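**Student:** Now for the letters of each chain:
Number of protein chains: 2
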Amino acid sequence: MAPRKNFQHLDHRLADALEVMGEWWTPLIIMAVSSGAFRFESIQNSLGIARNILTDRLNTLVAGGVLEKRMYTEKPERYEYHLTAKGLELVPILQDLERWGTRHN
Amino acid sequence: MAPRKNFQHLDHRLADALEVMGEWWTPLIIMAVSSGAFRFESIQNSLGIARNILTDRLNTLVAGGVLEKRMYTEKPERYEYHLTAKGLELVPILQDLERWGTRHN
DNA sequence: CAGTATCCGCGGAGATACTG
DNA sequence: CAGTATCTCCGCGGATACTG
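These protein sequence lines are chains Y and Z, in that order. For the record, in the first sequence the residue sitting at position 32 is 49 according to this note's numbering, with numbers rising by one throughout. For the record, in the second sequence the residue sitting at position 49 is 66 according to this note's numbering, with numbers rising by one throughout.
Please keep in mind that the hints were generated in silico from the structure rather than gathered at the bench. Please read all numbers here as calculations on a predicted model, not as lab measurements. Any given hint could turn out to be false.
[Stated by the list, open to error] From the derived model, a few chain Y residues whose C-beta atoms are all more than 12 Å from chain Z: (1) Leu31; (2) Gly53; (3) Phe57; (4) Asn76; (5) Lys86; (6) Arg87; (7) Thr90; (8) Lys92; (9) Thr101.
[To be verified] Example chain Y residues on the side facing chain Z (calculated, C-beta under 8 Å, incomplete): (10) His29; (11) Leu45; (12) Met48; (13) Arg68; (14) Asp73; (15) Thr77; (16) Ala80; (17) Leu107; (18) Asp113.
Even for Gly, the Cβ is constructed at its ideal location relative to N, Cα and C.
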């Protein structure tokens, strides 16, 4: 479930960041959450990502401390996904990347 | 050869950047080149990436205008890979990502 | 609505051997 | 030294159906 890469031979620190951020959808999910899509269906609709992949990416991001689950209903238990402090620091970086892509097209 | 993703339904501009940067090895290759590994063997050795994948990524990066080939020997034809202006703009962004990963570990 | 469960295809990635 | 050529494995990602 949690995607694991084997880069022990690479002590490159960028590789550590890519361990969490390396999957294609991950940056898009983070930007979706940062723009107000906190719930599963909401993220899924705004991105069109497959549901099983979204489940996997959300779990990985929670495990990596980028997102945190916040219960908003007890019965039944329902969670929203919010950026942690660590996740919030990622947003401006992704915006830079976005601008870079926009600048050169 | 050139990896192609289908995200026409996503007009998200970040997706355009990820079209070039989305593959796992790509950021590491860019940082390797930016730190002086200009030649095939040199990049390959410093990263430990499979040769066929490196060939593919280099072609994609050249096609995407991030790297450019520079001939340094005529017989036989040998090329170095250097960052373009567009590629150079990526470096500080990747350094930010690197610092982000380092900060939270 | 928020997931979980399957099934499947494709391509990323590794390993290795070969060529100019 | 700089690739190209194969072969194989595996996991991402898509699609869809199902559950509480």
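**Student:** So, for every hint listed, does it hold in this structure?
**Tutor:** Now for the hints, and whether the structure bears them out:
Distance check on Leu31 (chain Y): its Cβ comes as close as 4 Å (rounded) to a Cβ of chain Z, failing to clear the 12 Å threshold; non-interface status is violated. Every CB of chain Z is more than 12 Å from the CB of Gly53 (chain Y) (nearest about 15 Å), matching its label as outside the interface. Consistency note on Phe57 (chain Y): stated as away from chain Z, and its beta-carbon is indeed over 12 Å from all of that chain's, at 18 Å minimum. For Asn76 (chain Y), the non-interface assignment is confirmed: its Cβ lies about 18 Å from the closest Cβ of chain Z, beyond the 12 Å cut-off.
Distance check on Lys86 (chain Y): its Cβ is at least 18 Å (rounded) from any Cβ of chain Z, clearing the 12 Å threshold; non-interface status holds. The beta carbon of Arg87 (chain Y) sits about 20 Å from the closest Cβ of chain Z, which is more than 12 Å, so the claim that it is off the interface holds. Chain Z leaves Thr90 (chain Y) outside its interface by the beta-carbon criterion, the shortest separation being 29 Å against a cut-off of 12 Å. Under the 12 Å C-beta cut-off, the non-interface status given to Lys92 (chain Y) relative to chain Z holds; the minimum distance is some 35 Å.
With a cut of 12 Å on Cβ distances, Thr101 (chain Y) falls inside the contact zone with chain Z, its closest approach being about 9 Å. Hint status for His29 (chain Y): holds, given a least beta-carbon distance of 6 Å to chain Z, under 8 Å. Annotation: interface hint on Leu45 (chain Y) holds; nearest CB of chain Z at approximately 6 Å, less than 8 Å. Checking Met48 (chain Y) against chain Z by beta carbon gives a least distance of about 6 Å; that is within 8 Å, so the hint holds.
Taking 8 Å as the C-beta cut-off, the interface hint given for Arg68 (chain Y) is violated, the closest approach to chain Z being about 16 Å. A least Cβ separation of about 16 Å between Asp73 (chain Y) and chain Z goes past the 8 Å threshold, and the interface hint is therefore violated. Residue-level restraint check for Thr77 (chain Y) is violated (minimum Cβ-Cβ distance to chain Z is 14 Å; threshold 8 Å). At its closest, the beta carbon of Ala80 (chain Y) sits 13 Å from a beta carbon of chain Z; the interface hint therefore is violated under the 8 Å criterion.
Using the Cβ-Cβ criterion of 8 Å, the hint placing Leu107 (chain Y) at the interface with chain Z is satisfied: the shortest such distance is roughly 6 Å. The closest approach between the C-beta of Asp113 (chain Y) and any C-beta of chain Z is roughly 5 Å, which is under the 8 Å cut-off, so the hint is satisfied.
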